[in-house]
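Undergrad: If you read the protein sequences in the order shown, they are chains A and B. The first sequence begins at 7 in the numbering used here and counts up one residue at a time. The second sequence begins at 11 in the numbering used here and counts up one residue at a time.
None of these hints come from the bench; they were simulated from the model. In this text the structure is predicted, and so the values were computed from the model without any measurement. Note that CB positions come from ideal geometry on N, CA and C, so glycine has one too. Among the hints, a few may not be true.
Stated by the list, open to error - Computed list of chain A residues with no C-beta within reach of chain B, every gap over 10 Å: (1) 9; (2) 44; (3) 91; (4) 175; (5) 187.
What the hints assert, rightly or not - Straight-line distance between alpha carbons at most 20 Å, and here's what the computed EDC-like set of lysine to aspartate or glutamate pairs gives: (6) A:135 <-> B:88; (7) B:65 <-> B:42; (8) B:17 <-> A:106; (9) A:19 <-> B:88; (10) A:151 <-> A:97.
Stated by the list, open to error - Residues from chain A shown here face chain B by an in silico Cβ test under 10 Å; the list is partial: (11) 23; (12) 24; (13) 29; (14) 31; (15) 36; (16) 38; (17) 104; (18) 107; (19) 108; (20) 163; (21) 165.
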Amino acid sequence: MKAIFSHLSFNQKLAIVAGVLGFLAIFAGSPYTSNTATMNVKELALLVEKEVDHVTVDELADWIIQGKADYRLMDLRNEKEFNEYHIPTAENIPVGSLIDAGLTRNEKIILYSEGGIHSAQAWFLLKAKQYKAVYMLRDGLAEWKDRILFPSLAENASAEEKAAFEKRKAVSMFFGGSPQTGTGRAQATPQLAMPKLEMPAGSAAPAGTAKKKKKEGC
Amino acid sequence: MNAPYFKFGYFGDEISLIVAFAIGIGFGFFLERAGFGSGRKLAAQFYLYDMTVFKVMFTAIVTAMVGLFWLSVFGIVDLSLVYVSPTYLVPQVVGGLILGVGFVVGGYCPGTSCVGVATGKYDAMIYLLGIIAGIFVFGEMFPLLEGFYKSTAMDIVTLPELFGMSYGLLVFLVVVMALGGFAGAEWVEKKFRKGAAQ
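In isolation and in its complexed conformation, chain A is listed as follows (with noise of 0.2 Å):
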């Protein structure tokens, strides 16, 4: 075998080298793998339309003090944001990171970025490589830090919003914030002191996902 290969033409050996790989071709499967995808384009337009893509903060708030498990809360922002603040039991993926995150498609995900867009971008992918039970947080870390740790109630305010308010101010400083009151929210929010990065006391991590990180890129 070894001799009639040494006899043979240059030519010939790249044709036999060309010839076994277009056969081993055929056992290979499809060169296209992980990331193409299909979308089901009005199935999304009606989740979205039936607004049942998202959970609010209050809802978000409720479930880490409860210390739901059942649930994934990724921050798509970079890790220096990250570092800087994330809300107790996230795990930084950034959005190009999220297809290979090893995210499994029955797991509850809930997706938050600064604001809406990313996570709704990040919804998008997600769905459309058909992960089944993917959420964004509804207005993100914004409306994390104006609902929840940050509440204001404003001097006007009626008994009723008064009486919510309290609830309010229980949760903010479960999470470390600080309600204001008396002030308007938009000269007082700049200069308010994120909380520290500690898991508040009486709250658990959702099982399995404390503190996992992703590195960023390759």
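Once you have looked at the hints, place chain B on chain A.
TA: Leaving out everything else, chain B in the frame of chain A:
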């Protein structure tokens, strides 16, 4: 890190131009080394006594196809990001025939005419001037031709999708076709070279 590098943002527009320039120089170099700077050699293809063009081009096709297939299977190239031009069936068939006639008459195709110009061939220079004139005329006539230019649009079509076969099987069939083509080309060359000598 996997390819295509530009689409994954590993370098910007400026570097991409340098890379394109380097690839262009490399492409031209190998065309020249294959003898494609000579209009006589290129035209000989159509008289069937020198099948170098066929063999070189089919070798390039098989090398690129097998290489891209296996690189993507191993995750080094993301084939879904490699550009595939959309199909406009009738205009492309007509365009191919016009290019073929020009190839036989002038002895060059657009790429090889640039190689000929780089090596100082006068016929290649005339041919390239013809190409530039053709581009100009086409551009001026485009409003008249636009309907035909955009007709029979089929979007992006690949043979495995069209024939409902696996990519691997297509790779194998093209390799078999190429190997058969090489053997056939050798036979045709011998037959017509002999005929030309008599």
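Undergrad: Check each numbered hint against the structure and report the violated ones by number, ascending.
TA: As far as the earlier hints go, 9, 17, 18, 19, 20 and 21 are violated by this structure, in ascending order.
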